[in-house]
Amino acid sequence: MQPVSDLMHTARADRLKALLDRPEDEIDLAEAALLVATDEYPALDIEAYLRRLDELAEGVRRRLQPEADFETTVVALNEFLFDEQGFCGNTEDYYDPRNSFLNEVLDRRRGIPVTLAILYIEIGRRLGLALEGVTFPGHFLVKTATAEGEVVLDPFSGGMPVSEEDLRERLQARFPEHDAPLGALARLLAAADKKQILLRMLRNLKAIYLHREQHDKALGVLNRMLSIDPVLPEELRERGEVYMRLECFRAALQDFRRYLDLNPAAAEAALLHRRISDLERLAARLN
Numbered sequence: 459m460q461p462v463s464d465l466m467h468t469a470r471a472d473r474l475k476a477l478l479d480r481p482e483d484e485i486d487l488a489e490a491a492l493l494v495a496t497d498e499y500p501a502l503d504i505e506a507y508l509r510r511l512d513e514l515a516e517g518v519r520r521r522l523q524p525e526a527d528f529e530t531t532v533v534a535l536n537e538f539l540f541d542e543q544g545f546c547g548n549t550e551d552y553y554d555p556r557n558s559f560l561n562e563v564l565d566r567r568r569g570i571p572v573t574l575a576i577l578y579i580e581i582g583r584r585l586g587l588a589l590e591g592v593t594f595p596g597h598f599l600v601k602t603a604t605a606e607g608e609v610v611l612d613p614f615s616g617g618m619p620v621s622e623e624d625l626r627e628r629l630q631a632r633f634p635e636h637d638a639p640l641g642a643l644a645r646l647l648a649a650a651d652k653k654q655i656l657l658r659m660l661r662n663l664k665a666i667y668l669h670r671e672q673h674d675k676a677l678g679v680l681n682r683m684l685s686i687d688p689v690l691p692e693e694l695r696e697r698g699e700v701y702m703r704l705e706c707f708r709a710a711l712q713d714f715r716r717y718l719d720l721n722p723a724a725a726e727a728a729l730l731h732r733r734i735s736d737l738e739r740l741a742a743r744l745n
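Take any residue in the sequence shown, note its place counting from 1, add 458, and you have its number in the numbering used here.
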């Protein structure tokens, strides 16, 4: 008989797949993020955390008149969430893995840009705000369309609006050798879909585990990323490297082959072909 924990993991994996197979506007981003968190927290009560989001939204709603406009709603949301409830960016321990799990962000009231953005988007959705995520380089943001044009907000900085000048300065700081033309800036502010938001969150977590050489945990994150999108060349290559460190040579061989199928002109193609030859010899000895 299959252990109960394995059955629960399979059921939640199936639930996440079914959720992400829905049309974009029917995907509950918070539920998806919490389902991802069950990889680390198997006993997580997803419904309890979804109710927590409902309660936070209700806390904002009680401060609003029924006809409140966008600006009034955003001001009330920022004051309630960041000033009264104390949610903020975890600048003291940015690379704490807990910052990448929505349940921990709700419990500890600390997060990184992408998880605070998920929180902000989901509470905003409950208040009627059509907020979208933006995978801006180095710092996840949120935007929405208004009668006056697009407004970009930064939940990591208390929901403050970000001007075009601010965005250019951020790009210049990250890529000092390049100027950002208006067209490039517009492309970088394109709305991210729900899968892209989850993958951005998981990339942060993956990087932390790889840096700490926590290979078992990195493997779990890479498996989750590739279950969301099986065609991620860099993640396939990284998973192959993790499998090698864990001495799972056949699995590493499969990932490296798949990576080269997707990216045959990769700069490291020659190195990987040699590595594949070595792994084929190792795998043959294990037969």
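Since the hints were derived computationally from the structure, they do not count as laboratory data.
Accuracy of the hints is not assured; some may be wrong.
FRET-style restraints, in silico, Cβ to Cβ [as the list claims (entries may be wrong)]:
no., residue 1, residue 2, range
1, Ala501, Glu627, 29 to 35 angstroms
2, Met466, Leu744, 30 to 36 angstroms
3, Arg521, Asp483, 24 to 30 angstroms
4, Ala644, Val689, 36 to 42 angstroms
5, Arg473, Ala742, 36 to 42 angstroms
6, Glu726, Gly586, 31 to 37 angstroms
7, Gly517, Asp736, 35 to 41 angstroms
8, Thr530, Arg626, 38 to 44 angstroms
9, Ala644, Glu513, 44 to 50 angstroms
10, Pro722, Asp503, 41 to 47 angstroms
11, Leu720, Glu525, 36 to 42 angstroms
12, Lys475, Pro691, 50 to 56 angstroms
Under the rule of at most 16 angstroms between Cα atoms (straight-line distance), these lysine to aspartate or glutamate pairs were calculated in the EDC-like manner [as the list claims (entries may be wrong)]:
no., residue 1, residue 2
13, Lys653, Glu525
14, Lys653, Glu484
15, Lys475, Asp687
16, Lys675, Asp479
17, Lys675, Asp651
18, Lys675, Asp554
19, Lys653, Glu671
20, Lys653, Glu482
21, Lys675, Glu498
22, Lys653, Glu590
23, Lys653, Asp687
24, Lys601, Glu529
25, Lys675, Glu699
26, Lys653, Asp483
27, Lys653, Asp624
28, Lys653, Glu529
29, Lys601, Glu590
30, Lys653, Glu498
31, Lys601, Asp624
32, Lys475, Glu489
33, Lys601, Asp554
Note that beta-carbon positions come from the ideal geometry of N, C-alpha and C, so glycine has one too.
- Message: Of all the hints numbered above, which does this structure not satisfy? Sort the numbers upward.
- Response: Of the numbered hints, 1, 4, 6, 7, 8, 9, 11, 12, 13, 16, 17, 19, 27, 28, 30 and 33 do not hold.
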